[in-house]
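Residue numbers (this note's numbering): 2 to 307.
Just so you know, these hints were derived from the structure itself, not from any lab. One or more of the hints may lead you astray.
Pair by pair, the computed Cβ-Cβ distance ranges are [said to hold, decoys possible]:
hint, residue 1, residue 2, range
1, 220, 29, 20 to 26 Å
2, 48, 278, 38 to 44 Å
3, 273, 172, 21 to 27 Å
4, 17, 288, 23 to 29 Å
5, 66, 291, 32 to 38 Å
6, 88, 137, 35 to 41 Å
No farther apart than 16 Å at their CA atoms in a straight line, the calculated lysine to aspartate or glutamate pairs in the EDC-like style are these [said to hold, decoys possible]:
hint, residue 1, residue 2
7, 195, 256
8, 271, 259
9, 209, 22
10, 146, 134
11, 135, 175
12, 70, 175
13, 209, 187
Note that the Cβ used here is the ideal one computed from N, Cα and C, for glycine as well.
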Amino acid sequence: MNPFLKFVLKLLSSPRIDVEEDYESIRRFHQLFSLKSKKGYKILDYQLFSADHSHEIPIRVFYPEKLEKQEAILFYHGGGWVVGDIETYTHTCINMANKLGRVVYSVDYRLAPEYPYPAGLEDCYRVAELLFEKKGIPRQFKPEKFILMGDSAGGNLAAAVSLMLRDKGMKLPDKQVLWYPVTHWDHTKNSPFKSVEENGYDYGLTAKRVESYMELYAPEEELRRTPYISPLMAPNLRNQPETFIITAEFDPLRDEGEAYAKALQESGNKAQFHRVEESPHGFITYPENHPFLEEVYPLIKDFLDA
């Protein structure tokens, strides 16, 4: 790993940062230091209503410089279900739209701990349910189909939404792309995955922080073991979209992401994963020409175009 990046990640791994006490400060930090987007990009902001009409769910639509496909990406941002929003992921979604030549719909779902599970998942499911049924789509662009995508906790939400759509007999996306997703409930020393111990201390996202995020999202441990929080615990993974999972070498979540790809395969689904060597968790938010993204986006594009 690049020595400077490793030094920065080591600083960000400080045990002085307590997610459960400092999550509001972490949110402000993300907002302050998120990459500023170049001007001139085309976006559209609008809202969908929750199923019970109790609140609005903000959506931001990103149009690529060159539209290559009449399909769109429904994207759920990362941040441990606790931090992140449309604004902090705007640069990332602009880059995604341009790299993949597709319109991107980014969802501003409710965050824990103010809104613990299942609030964020319900928002994500509601948007998927409406858009996949061609409801609530702005007139400017009517996609032929949608791809489901998310990173980290957003990857977890995407996987959970796919399971929920299947369980409810709803229309599924043709494909889903999960960037280093959370798929298992245990990130303590008892975890079955070696990457939790190997990468859980010095690479920015620590194992302790993953546990803290989970505790804020779903305070009851038994709840964390259920499939819509831990997709690897699902007794049945059949009938899922064709899936491409991206993992990072120095990520505590690496092994569970790869295990999910294998579990999908074993259940009869088309699934594959690609590990980005030398990379840490969270690189989807890096500058658009970073080598990690230059490696990954062509692979995603090939997967979606096939």
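Has the given pair, residue 271 with residue 259, been kept, meaning a C-alpha gap of at most 16 Å? 14 Å, holds
Does residue 195 pair with residue 256 here, judged by a C-alpha cut-off of 16 Å? 7 Å, holds
Range hint 20 to 26 Å: satisfied by the CB atoms of residue 220 and residue 29? 24 Å, holds
Hint says 35 to 41 Å; check whether the CB-CB distance for residue 88 and residue 137 agrees. Given range 35 to 41 Å: violated, Cβ gap about 22 Å.
Within a Cα-Cα threshold of 16 Å, do residue 146 and residue 134 meet the stated pairing? 9 Å, holds
Can the restraint linking residue 70 and residue 175 be considered satisfied, given a maximum Cα separation of 16 Å? 14 Å, holds
Is residue 209 close enough to residue 187, meaning Cα to Cα at most 16 Å? 10 Å, holds
Cβ distance range 32 to 38 Å for residue 66 and residue 291, holds or violated: Once the Cβ atoms are compared, 19 Å apart, the range 32 to 38 Å for residue 291 and residue 66 is violated.
Can you confirm whether the C-alpha distance between residue 135 and residue 175 stays at or below 16 Å? 15 Å, holds
Evaluate the given range 23 to 29 Å for the C-beta pair formed by residue 17 and residue 288. 28 Å, holds
Do residue 273 and residue 172 keep their Cβ atoms within the hinted range of 21 to 27 Å? With a Cβ separation near 23 Å, residue 273 and residue 172 satisfy 21 to 27 Å, so the hint holds.
Per the hint of 38 to 44 Å, is the separation of the Cβ atoms of residue 48 and residue 278 within bounds? Since residue 48 and residue 278 have Cβ atoms about 41 Å apart, the given range 38 to 44 Å holds.
In summary, the structure is inconsistent with hints 5, 6 from the numbered list given earlier, while agreeing with the others.
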